[in-house]
Structure formats: C-alpha cells, structure tokens
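Undergrad: Listed below, chain by chain, are the residues.
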Amino acid sequence: GESVGLHLPTLSVQEGDNSIINCAYSNSASDYFIWYKQESGKGPQFIIDIRSNMDKRQGQRVTVLLNKTVKHLSLQIAATQPGDSAVYFCAEGDRSNAGNMLTFGGGTRLMVKP
Amino acid sequence: DAMVIQNPRYQVTQFGKPVTLSCSQTLNHNVMYWYQQKSSQAPKLLFHYYDKDFNNEADTPDNFQSRRPNTSFCFLDIRSPGLGDAAMYLCATSLGGYGQPQHFGDGTRLSIL
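Just so you know, the sequences run in chain order A and B.
Everything in the first sequence is counted per our numbering, starting at 1 for the first residue and increasing by one.
Everything in the second sequence is counted per our numbering, starting at 1001 for the first residue and increasing by one.
One chain only, chain B, in its complex shape (with noise of 0.2 Å):
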C-alpha cells in the first residue's frame, strides 16, 4: 500500500505555464520534503516542511514554493517553469528527530514544452 502519494506520476506544462505538483501521506509524519533528481543525478533537497515550519535551502531558485496545508498533504508550486525545470520531482515524508529515515513516493516526472 503506497504510504506517501504523488499526483500526478506525469506532467507536462509549457514554458512559463505555473505547474502545482501533489504529494499526501497516510504515514502522519510531520517532516515533508521536496527533491528534486535530473536524470543520472542524486536527489537534490529542495525544502522540507517541519510541523508547519518551512526551511528553504539556500539555493532552491525563487522560482519553487511550497505549501503544506495539513499533515497530510503537501504541494509544490513551480511558478514559471523554465526548460530546466523539467526533472522529477520526488516526496518523502520522516518522522522528526534523529536518525529517522525519510520515506518516498515515486515522483512526478515534469516535462516543460
């Protein structure tokens, strides 16, 4: 049974279209995260939600935000997307405190025309 639900698996928006990627989980963790993985590429963080705390890493581009309005449910908002944009863009949901592991979804593959 998949614990942490992204929606939708594919998406294709056009150049400077806003997109809004979707990710609930049923795992009541209170960390959200957002990556984002090009292809061949490790995961690149690019904030995470604590209870609904948002942390910003340094250079996640303006471009990204994000809104978590319950704990379940988590969204990623790419307000201009440009063509190196495209990517999947992964969730993972954690438990907060040390040592917890951060558990996926099998990501939204975006594609900008």
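Here chain A stands alone, though its shape is the one from the complex (with noise of 0.2 Å):
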C-alpha cells in the first residue's frame, strides 16, 4: 500500500547546529503533512503542519518544507538544542479521508551532542 517513509533512522549533531529530517511519501493524493515530536515514555507531540497549497511553513525555531514534485517533506530545527533530542515522525492525510487518519514515516532519532 501506500507508505510515508524516512531516509536516515537516526540523525546526530551538535548543539547550536541546524537539524534537517527528511521524509519521503509515495501517496500522490496526499495534501496535508505533519510532523510529530516524540519524547521517550510520551505520546507524538504536534510540531507543525503543512498543507499541499504550500512550500514552505515557519514556526518558531522550525521549518517544514514540501517538495511535491519529487514527494519530499523535510523538517528543519534551527539552532538544535539538547531539548530537541527525540524521535520525529513525518505523516500524511488527504482530503478525501474524512477522519483525519494519518499514514506515519517510520521515523528519525534525533541525537543533540553538547
């Protein structure tokens, strides 16, 4: 079936770097992405979203941006804190799924080295 799918499973850097997680999806329909922070022993945390209308997305200290041409979703993290250590899931929905369900990546452990 379809599938949202990471390239690299674990993404080490150094404190103050910028981070960048990549996400790649294979469902053409897909127009609404979202990423997802997960903190060991918690449930994914909302970091942004973005819908297929759009390229890029800022929030703060975050950065998503969509590539829909080749089906690349990325995060960036600027300034990367020891905070920032997590696993980050990428997801997908589409409009015509009216409840919301999501396909999620498979996931990025992200590593903060003080």
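Please keep in mind that the hints were generated in silico from the structure rather than gathered at the bench.
The C-beta atom is built at its ideal place from N, Cα and C for all residues, glycine as well.
Heads up, some of the hints might be wrong.
[Stated by the list, open to error] Quick list of simulated restraints, FRET-style, between CB atoms:
1) A:Ser-40 - B:Pro-1069: 30 to 36 Å
2) A:Pro-9 - B:Glu-1057: 22 to 28 Å
3) A:His-72 - B:Thr-1020: 37 to 43 Å
4) B:Asn-1056 - A:Pro-114: 45 to 51 Å
5) A:Gly-59 - B:Gly-1096: 22 to 28 Å
6) B:Val-1012 - A:Asn-67: 41 to 47 Å
Put the two chains together into one complex; each comes in its own frame, and the hints tell you how they fit.
TA: This is the structure in structure tokens:
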C-alpha cells in the first residue's frame, strides 16, 4: 500500500547546529503533512503542519519544506538544543479522508551532542 | 494542562485476561483514535470514532474492541491479550474535517505476563 518513509533512522548533530530531517512519501493524493516529536515515554507532540498548496511553513525554530514534485518533506530545526533530542515522525493525510486519518513514516531519532 | 488523558500510564495483565484502557479528552473533538505503537516503530492505527461512528482498520485483530460512551471518553478493550499485544497504546483526538492535526495522549504501556 501507500507509505511514508524516512531516509535516515538516526541523526546526530552538535548542539547549536541546524538539523534537517527528511521524509519521502509515495501517495500522490496526500495533501496534508504533519511533523510530530516523540520523547521517550510520551505521546507524539505536534510540531508543525503544511498543506499541499504551500511549499514552506515556519514556526518557532522549525521550518517544514514540501516538494510535491519529488514527494519529499523535510523538517529543519534551527540552533538545535538538547531538548530537541527525540524521535521525529512525519505523517500524511488527504482531503478525501473525512476521519483525518494519518499515515506515519518510520521515524528518525535525533541525538543532540552537547 | 493535559488535554488528552490516558489511564493508567502502565498496565500489567495476564495472558488471556481481558484488559481495558481508557482515554478522556477536554478538547471537545469529535474524532478519537486508538493506535498501537511497538518499540522503535511508528504508531499503527487500530480504529477511530467519528462522533458515534466506529471505523475499524482492516488489519485490526478481532481481539481489539472499542467503546465511546460520550464525546469525552473512549475505551480500548483487549478481550484476550497475547504476548504480541504488549505495546504502547496511544489515544489521539482531532476535529473532523480536512487538515486538522491529531493530538495525542502520553499513552498506556501494556505488559503481558
């Protein structure tokens, strides 16, 4: 079936550097994308979302980029901090889905070195 | 303030002994979801309620059932837990309609003895 996947299972960055987490999706009908952060022992926490009519959306220290041509999504974290260490999931949905169901990617673990 | 609350945080049950996990929300969202998440894996949707309408995923085992007595509460019943059902169970909520993010609770970790 359709799937959302990630290129890198683990990303290690130095504190203060910028982080980029990538995600590839295969469902061409997907038009809503969302990033979640999951810390150990906690549920996924909403970070930022983007609809397919946009290429870029910015939040506080985070930016999501969407390239529909190559079906690629990325999350950029500026000035990465130790508190950013977590597993990051991308997820996708589409407007035909009245229940707002999401398909999750496999996750990337971000490790921040002090 | 917690908006999606799952109880208990940790649950231990015996092989084959029915167990119920609970979820409550203060967001007044009309959609509630149950996910199963195993170690180092993405959450896997089991089923969801859109208002009172129950929607089961095709590959969710019959062993898993759900109840939603009102807008605020939703329960996950596992009728005869097997060792393979040990996992984190996550509840989430969202508004109905396109492009609404799901909001997750912190999960219940289920162990099977």
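Undergrad: Each of the hints needs a verdict: does it hold here or not?
TA: For each hint, the structure was consulted:
1. A:Ser-40 - B:Pro-1069: 30 to 36 Å: holds, 32 Å
2. A:Pro-9 - B:Glu-1057: 22 to 28 Å: holds, 25 Å
3. A:His-72 - B:Thr-1020: 37 to 43 Å: holds, 41 Å
4. B:Asn-1056 - A:Pro-114: 45 to 51 Å: Since the Cβ atoms of Asn-1056 of chain B and Pro-114 of chain A sit about 46 Å apart, the hinted range of 45 to 51 Å holds.
5. A:Gly-59 - B:Gly-1096: 22 to 28 Å: holds, 24 Å
6. B:Val-1012 - A:Asn-67: 41 to 47 Å: Cβ of Val-1012 of chain B to Cβ of Asn-67 of chain A: about 46 Å, so the range 41 to 47 Å holds.
Of the numbered hints listed earlier, not one is contradicted by the structure.
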